[in-house]
Amino acid sequence: MKITRAMELIATSRIARARVRVAEAQPYTAKMTDVIRNIAAAGGLSHPLLERRDVNTAGVFVVTSDRGLAGGYNSNVLRLAERALNAHRANNVPTRLYTVGAKAEGYFRYRGYTIEESFLGVTDTPSYGDARAVANVLLDDYEQARMDSVEVYTTRFVSALTQTPVLWPLLPIEPPEMTDEVVVAGYEFEPSPEEILGRLLPRYLEGTIFGILLEASASEHAARRRAMKAATENAEELTRALSREANAARQAEITTEISEIVGGAEALSSG
Amino acid sequence: MGKPFTVDVVTPESVIWTGEADFIAARTTEGEIGILADHEPTMGALTAGAVVINSTDGSTVTVGVNGGFLQVFHNQVTLLTDRAEITEGGKEDALRLAHEMGADEAV
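These protein sequence lines map, in sequence, to chains A and B. Going by the numbering used here, the first sequence opens with residue 1, and the numbers climb by one from there. Going by the numbering used here, the second sequence opens with residue 1, and the numbers climb by one from there.
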């Protein structure tokens with residue numbers, strides 16, 4: 001009970017930190033999106049990473065945690081991902097599987113899936129370097145046409161109470177929606193817009209993955225806090241019920257002993 | 001002192017510097033670029049190196065950046081870089097930092 005309570009408190013402080021990091025990563029992604037919009041306005045977007053191809057092989061990227069004791073956090077997203085893998089198989093589309101977290105690795109290994117690459121030690125406090133490592137692997141396999149799309153299965157942090165498993169397309173990169181403000185443009189580009197776009201898109205993917213990892217981490221801590229809170233409450237309830245039972249049993253024993261003594265004494269005095 | 005404009009140095013981890021400046025010197029893949037107020041809208045790819053910001057409070061802020069992007073629009077300058085570090089040690093120190101960041105990545 002002390003352990004679950006401690007884990008609950010640790011998770012609570014981790015959620016706060018993870019949420020701050022999610023918020024701090026926001027401006028970077030927002031600005032990047034802004035730049036891409038401006039390039040689009042200046043001359044359209046054309047880059048292999050933006051082009052939709054026929055999907056001969058589908059990439060599936062699943063984000064879970066390394067540790068359990070987080071309620072349904074892992075099983076929810078794993079179930080969603082496995083359903084997708086089954087759907088691809090039903091359509092005769094081969095898949096390539098990439099995982100973050102020991103939970104996903106264990107789950108899919110046990111079920112006989114081949115995992116192309118498993119990233120461990122990431123989800124507790126994801127770093128930008130982690131995001132870059134993931135992006136590099138995915139980009140390389142995508143650019144070498146070992147797969148033609150990548151979708152990510154992860155958990156969205158809706159609120160401290162609600163975390164939802166979600167599916168997002170990752171590759172090809174979906175160009176951001178255009179807004180009215182960007183049409184003004186008239187930018188000078190150094191170097192050309194195409195070249196800037198070529199440099200920008202891999203960074204954009206890294207930033208996106210970083211955001212996904214941070215949000216998954218916040219979700220994990222929130223799920224763990226809830227699970228540990230429930231465990232603590234269960235344990236308290238159990239302690240109450242058991243001590244009542246123990247008291248009743250002890251009382252019964254004492255009553256029996258007293259009646260035996262009284263009975264014995266009576267037998268002696270009457271004898 | 002020239003007319004001021006706003007500057008944000010943004011990395012994925014946080015906004016590491018934000019404030020007003022009257023001059024910025026940076027280096028894009030095409031060469032040195034100096035930015036004063038009312039600079040035309042520009043989008044540039046930065047090389048790893050030093051960005052020098054003349055802040056309107058009189059100080060000079062030197063930032064070592066690991067590449068990245070520069071956007072100038074309506075007196076609003078945004079430096080987007082995956083890694084940046086502010087240094088007190090001037091341009092040489094910023095260059096050294098930038099090289100270190102590059103070396104980290106190669107590992």
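Read the hints as simulated data drawn from the structure, not as lab findings. Misleading hints may appear alongside valid ones.
According to the in silico footprint, chain A covers these stretches of chain B (three or more CB under 8 Å from chain A) [unchecked claim]:
1. 23-30
2. 33-44
3. 55-65
4. 94-101
Interface residues of chain A toward chain B, partial, derived using beta-carbon atoms under 8 Å [to be verified]:
5. Tyr107
6. Tyr110
7. Gly112
8. Asp124
9. Gly207
10. Thr208
C-beta: ideal position from N, C-alpha, C; glycine also.
How the hints compare with the structure:
1. 23-30: holds (count 3)
2. 33-44: Holds: 6 residues of the region 33-44 of chain B have a Cβ under 8 Å from chain A.
3. 55-65: violated (count 0)
4. 94-101: It is violated, with 0 qualifying residues against the three required.
5. Tyr107: Status violated, d = 29 Å.
6. Tyr110: violated, 33 Å
7. Gly112: violated, 34 Å
8. Asp124: Violated, about 16 Å.
9. Gly207: holds, 6 Å
10. Thr208: Check failed: Cβ of Thr208 of chain A comes no nearer than 10 Å to chain B, outside 8 Å.
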